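Protein chains: 4
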Amino acid sequence: MANPPLTATLLVVCPDRPGIVAAVSRFVFEGGGNIIHADQHTDPEEGVFLQRVEWEMEGFSHDREETIAAFRPIAEAFEMQWRIRFSDETARIAVMVSREGHCMYDLLARRKMGEVRAEIPIVISNHPDLGEGAEQFGAEFRHLPVTADSKPAQERAVLDLLDRHDIDLVVLARYMQILTPDFVSRFPRRIVNIHHSFLPAFAGARPYHKAYERGVKIIGATAHYVTDRLDEGPIIDQDVVRASHRDTVADLIAKGRDLEKVVLARAVLLHLEHRVLVYGNKTVVFD
Amino acid sequence: MANPPLTATLLVVCPDRPGIVAAVSRFVFEGGGNIIHADQHTDPEEGVFLQRVEWEMEGFSHDREETIAAFRPIAEAFEMQWRIRFSDETARIAVMVSREGHCMYDLLARRKMGEVRAEIPIVISNHPDLGEGAEQFGAEFRHLPVTADSKPAQERAVLDLLDRHDIDLVVLARYMQILTPDFVSRFPRRIVNIHHSFLPAFAGARPYHKAYERGVKIIGATAHYVTDRLDEGPIIDQDVVRASHRDTVADLIAKGRDLEKVVLARAVLLHLEHRVLVYGNKTVVFD
Amino acid sequence: MANPPLTATLLVVCPDRPGIVAAVSRFVFEGGGNIIHADQHTDPEEGVFLQRVEWEMEGFSHDREETIAAFRPIAEAFEMQWRIRFSDETARIAVMVSREGHCMYDLLARRKMGEVRAEIPIVISNHPDLGEGAEQFGAEFRHLPVTADSKPAQERAVLDLLDRHDIDLVVLARYMQILTPDFVSRFPRRIVNIHHSFLPAFAGARPYHKAYERGVKIIGATAHYVTDRLDEGPIIDQDVVRASHRDTVADLIAKGRDLEKVVLARAVLLHLEHRVLVYGNKTVVFD
Amino acid sequence: MANPPLTATLLVVCPDRPGIVAAVSRFVFEGGGNIIHADQHTDPEEGVFLQRVEWEMEGFSHDREETIAAFRPIAEAFEMQWRIRFSDETARIAVMVSREGHCMYDLLARRKMGEVRAEIPIVISNHPDLGEGAEQFGAEFRHLPVTADSKPAQERAVLDLLDRHDIDLVVLARYMQILTPDFVSRFPRRIVNIHHSFLPAFAGARPYHKAYERGVKIIGATAHYVTDRLDEGPIIDQDVVRASHRDTVADLIAKGRDLEKVVLARAVLLHLEHRVLVYGNKTVVFD
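Residue numbers (the numbering used here), protein chains in the order written: chain A, 2 to 288; chain B, 2 to 288; chain C, 2 to 288; chain D, 2 to 288.
Think of the hints as simulated: they come from the structure by calculation, not from any bench.
Don't take each hint at face value.
Just so you know, same-sequence chains aren't split out, so a pair can sit in one copy or run between any two.
[Claimed, not checked] Below, a list of computed lysine to aspartate or glutamate pairs in the EDC-like style, where the Cα atoms sit at most 20 Å apart:
no. : residue 1 : residue 2
1   : Lys-283   : Glu-214
2   : Lys-152   : Asp-183
3   : Lys-113   : Glu-133
4   : Lys-211   : Asp-232
5   : Lys-256   : Glu-274
6   : Lys-283   : Asp-229
7   : Lys-211   : Asp-44
8   : Lys-211   : Glu-233
9   : Lys-113   : Glu-136
10  : Lys-256   : Glu-116
11  : Lys-113   : Asp-89
12  : Lys-211   : Glu-133
13  : Lys-256   : Glu-214
14  : Lys-152   : Asp-164
15  : Lys-152   : Asp-229
16  : Lys-283   : Glu-46
Nothing here was measured: the structure is a model prediction, and the numbers come from that model.
Construct all of the structure, not just a fragment, from the sequences and the given hints.
Pasting the structure below:
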């Protein structure tokens, strides 16, 4: 794939009040920037305004540092939480897995083909099974087993690896361990998990078994940011597929795998393209 | 629509053991019946076998009574729960509603166009709002308000109406009252409800508000048989539609209405065509 | 449903150049308008910019006429095709049908319940079958049969009815006649048709029969604006449902009906809310 | 994944007449076979009956050869086209690709994880790009470029490779060349192609560009058997995803990739499990 032109992406969350859109538009317009994506959202109940604006840096009158400096007064005037990202910043992803490899293979192949524009230097697992698969794609594989007793030490070892690899985003690609609040607090809104059900249905363990027992006619998968509350973090994307009485638990698991890998990859791509904004426990996805 | 040819439909639930399919096939074959639909399902865990066979009565060597009599020895040999229904038996439906009319209008229009081959002689509501709509389709409308105190008396009045109208199937088309176990026990597996969420997510009241608060990216609707346990009866059909951060609660409600009426109608049609078999708390849908 | 607050909706199509968003935002901002929906789209290949902005009139410093007058200089500066609509303007719809009633019943019931905020004073058909159904909802029903020879005269009679009823939007709710270019030219982008296939697959007659013969595993429905080229007008919305070898043509038709009425209603609502912009042969749908 | 128990699968296509189901059921029943899947279909217009029956060989009174011999008289009596396959027969697949790797990676990873129970000894391409990817999964990679002039020779070289690797199934995993009728005739109903549109819409080249130009609101992918007529072979599976005016051609291509790999894999699995029966130009899929 050809390299796309360099762009800047401004993300804004702030109290809703008149004039924000006009101020932001004027900022880009007066710098001579060519806007290639602009979307905004207002939550009237919460009084929150959210915006994503992406423009080409070619022809823009500020360089990167100046852009950030020039926007600061506007941000302060409107009490914005904000950031500006440039499209050639390459995120570094750590993939965490247990025994099921479909999401890991999918992410690694997407990276290799250039669909995922990021580095995946390391795969971490509490089981050894997927080592060969990770390594064949050139990723380092680290097997860090975990028990109830060893969890604090194991998580410290994981965090150490994340630090050493300068990781921006942790992707739980069917990692079947619950992370401690302490771990989660180190990567706020930077841990994406795939849960193998249509949340909030069937949170927790063995969702396909529960779906089978309940006799649902549709199953799903949910990608979300990890928070302290299990399977309750902000949802990024979901998808579903039909099931029937003919489907055994094994059939549901097989159908679910195809959902899981597609939904997780979509969520990772949305995150990497700075298309997901979180407020409260919800997301705004500017796609 | 032209009248379809007269058919017999045999429904079987029994312990799974070898020879059932062979015995049933031979029964229809030896009578000279032309099978137009045959489907079966085995649940190996529960050891349950379920079957639906539909054949044309034209050219079949038994009349209705003889058919039933001739099948009885086979049924007894395999310990079957079974019934045989003939396609010209017209079910009688009571529709129960509160204030939302979309499901009621949809069912009444389908009946008028011949999509639903059944009678709908009566619509019962705890509110007066939909009286004109029901009556314009020629259905009797009965307004039976209900309070916590009056519920037993109101349910007796409803049951009395159902008796007098010789009702086979009660369709809760957005009837926002919980039926007592006593009422439910009078129509086992003959009360179909539409719940305005993707069960088991968001059981109970105000599911669209809960979906909005949770920030889900897909909403759903579920048609199920009513049992003593609220929103936990056997699921007949479900469907979903995408939502986004742009959707207000009102938008979710509007999208949901389109799901609700289609899913409820599908479930009613499946029931009327004897395509739904219940075992345990699940359904087998032979579509 | 409660009356929503009065809003103005500005729709813009113009050559893409910098500063449009800033100018429009400033216009609403400086008038004190509270924006409740804003979305825009740029087609970089065609160099086209499209925008929809909706704001509350309460607190806005201009009345209706002043609003339009005040915006004119901006529109001229950017060479805009534009219009401003106010949310209390009630559109008048004529529904045209042949023999299939599901879309007509659905639209009439939605209007009665307030889902469709418009008048439907008249239903026109080339067959008499649906007269009672239209009239029970209080719409005038006009039976205007048509043959190859009588088509010019019949269309003149239809146009005369549309004029007399001051119709804004013509909805072809399974009207199985092809309108002449002359007729179409009288209601540019104001005739919405539902085609019973997933266009461009199975354009023309008998799409369900063609779908059956081709053995497709999914069928669809398409709502589009009518142009001179049969089934080739700008697509507003589409939807699909799974099919299988078990589905007869009659089953496909039955499944399709549920799609058709939902897709057509969604398209009509999008049109009425001024959410559909047409450019070239495509639509931008700001939902 | 654990090895499943050994099963026999009988596939039948024959003229529809009474007694087939009874005869087949009796055959399995009298041999003491435990049926784990049985499904049948009748096409009344064509007068065709199709059936799939799968039973466990443990406890069945015939061994493999006897099973086939014992069934032959039944098959002859009913003029069946038939075959019996045993679940431990491992198919050998050749994957053919051009430059796009997503389907190839997906199939190779599924095989490695045991989702696809088959061998994939070889990947053949008219471009060199995917060689490393194929080889990292242990498949042989053969680069056989093709021009209009060299096509006959290239196809002979491909056929020679397929022979030498004893290939049962050819999977065109985004192989962007049209196979000659001569080639196709060598693998009747044993070449599966993924077409990147919702057939019959957008057959031929560049379907995503055509979809973009037409402004469709949903895009799709189709897996089908290859016949002499381009993109017109029997459809095995299809799926779709929503699109909008926001999607560029590149976005449609990206969305389509996720469809393509899932739909192709489903079709390959259905084929490998002997769940697809072809008659006329259609499939019956016993899932």
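Cross-check of the supplied hints:
no.: 1; hint: Lys-283 x Glu-214; verdict: between (30 Å within a copy, 8 Å between copies)
no.: 2; hint: Lys-152 x Asp-183; verdict: within (12 Å within a copy, 52 Å between copies)
no.: 3; hint: Lys-113 x Glu-133; verdict: both (16 Å within a copy, 11 Å between copies)
no.: 4; hint: Lys-211 x Asp-232; verdict: both (15 Å within a copy, 16 Å between copies)
no.: 5; hint: Lys-256 x Glu-274; verdict: between (28 Å within a copy, 15 Å between copies)
no.: 6; hint: Lys-283 x Asp-229; verdict: within (15 Å within a copy, 34 Å between copies)
no.: 7; hint: Lys-211 x Asp-44; verdict: between (35 Å within a copy, 16 Å between copies)
no.: 8; hint: Lys-211 x Glu-233; verdict: both (18 Å within a copy, 13 Å between copies)
no.: 9; hint: Lys-113 x Glu-136; verdict: both (13 Å within a copy, 14 Å between copies)
no.: 10; hint: Lys-256 x Glu-116; verdict: between (23 Å within a copy, 11 Å between copies)
no.: 11; hint: Lys-113 x Asp-89; verdict: within (17 Å within a copy, 34 Å between copies)
no.: 12; hint: Lys-211 x Glu-133; verdict: neither (32 Å within a copy, 41 Å between copies)
no.: 13; hint: Lys-256 x Glu-214; verdict: within (16 Å within a copy, 28 Å between copies)
no.: 14; hint: Lys-152 x Asp-164; verdict: within (18 Å within a copy, 54 Å between copies)
no.: 15; hint: Lys-152 x Asp-229; verdict: within (16 Å within a copy, 43 Å between copies)
no.: 16; hint: Lys-283 x Glu-46; verdict: within (13 Å within a copy, 35 Å between copies)
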